[in-house]
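Given chain C's structure and the hints, the job is docking chain S onto it.
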Amino acid sequence: MNSLIARAKELLENKSVQVIIGYEAGSNGIARPAFISDPKDAEKLIYDDRCIQNLALYLTKHEVKHFGKMGIVAALPVMRSIMMLISEQQVFAENIVVLGISSDGSLLDMADIGVMKGYIGKADLGNPAKDEELIARLNKLTPAEKFEYWQNELSKCIKCYACRQSCPMCYCTRCSVECNQPQWIPVQSNTHGNMEWHILRAMHLAGRCISCGECGRACPVNIPCHLLTMHLADQVHHHFKVHAGTSDKMSSVLSTFDPSDKESFII
Amino acid sequence: MSEFEPKIVAFVCNWCTYAGADLTGTSRIKYASNVKIIRFPCTGRIDFMLLLKSFANGADGIIVSGCHPNDCHYTSGNFHARRRWMMFKDLMDFMGVDMNRITYSWVSAAEGAKWAEVVNSTVTRIRELGPYVSYNQMVNKPVEEEVQHE
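Chains as they are written, first to last, in this note's numbering: chain C, 1201 to 1467; chain S, 120 to 269.
These are computed hints drawn from the structure, not numbers from a lab.
Just so it is clear, the structure is predicted and the values come from calculations on it, not from any experiment.
Every clue listed holds true.
No more than 20 angstroms apart at the CA atoms, straight line, and that leaves these computed lysine to any residue pairs for SDA-like:
1) C:LYS1346 with S:ASP212
2) C:LYS1441 with C:SER1451
3) C:LYS1340 with S:MET218
4) C:LYS1462 with S:PHE198
5) S:LYS208 with C:GLN1435
6) S:LYS172 with C:PRO1382
7) S:LYS208 with C:SER1464
8) S:LYS260 with C:VAL1387
9) C:LYS1356 with S:ASN255
10) S:LYS208 with C:ASN1339
11) S:LYS208 with C:ILE1335
12) C:LYS1356 with S:ASN259
13) C:LYS1462 with S:HIS187
Excised from the complex, chain C in its bound form:
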């Protein structure tokens, strides 16, 4: 990834950015996020198949923002997260430089947000085949079987909220689960409360989730919680013909409406 390192070095040297958010090799052969502020450290940057974490998460973090202007290594899901964050005014386009990575792993020239928008517009926005298969399998079950499946899965939840912490769109400084007047979600872990939490999380991400699957990867007990948000993202596209994170000037589906919205269940 010499072109990535060269570009990062150049940006840091001519002070176009103060920090580069990228990946570096971590212990046990994993890739971990790296925050490079010294041009000499740019050589640590890597990009390969292990680099799947959604780095857009860090764009809204105070500790990273205080560096100043940020450069970010971004494959497609990260680009879409950035778009969504810009449209929700959590990130300002003039405050970031995107080091785009194409699907085959080469560096893209992303001069501005317009170029990124064009790239996303042409890209394949489908879900990973593995998740698609699992969703299709779940959709074939009877309601009772689905309920059983999710109860089994969600009973494992330990309420660590890693799904929330890993999500770039879950940037609220005060989340519903931290409010205790009223206490919507019980603090302790039990199947019913866990289900309420995952429903609440999925609903709050409806129309905003860009289906990166980070929540499912972050889960320490392997709950496929990303299927909930992914399924809703698919349904949003089915009903409203929009994909989240494809424009920097898009209101999320649930904060807007169309008088001609069609449903079949209201009598």
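This is chain S only, laid out in the frame that chain C set:
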């Protein structure tokens, strides 16, 4: 054992359905007494968590009702609510929560008869479905001492 009497919670908006239900009463139309009406400022205020909490606290069925499209007192509350219900229904269907237990309707202040019809049909349907056992079992499930992780 006596016959099962469904417990129904109705979340209604102040401006249309609540006034509609009032009209049902003043028109002396008889309807099932299983419903407990909770008045909200607008359908846009009806949070999906309220529906989940109703089931958790023993409701067998739920009615959510407000102004017809274009009739909202706040112009757009019901349009926003409609989108939210669409998403909520999709999510619940995906998770296997029984959506036959929730009736969504538009009832205006002039539709006293429609309100009676909505309540009666919901009560009949829930009576056939029986108590919401599977949800209650989940709520009352004892917490396991040891959770097995793969």
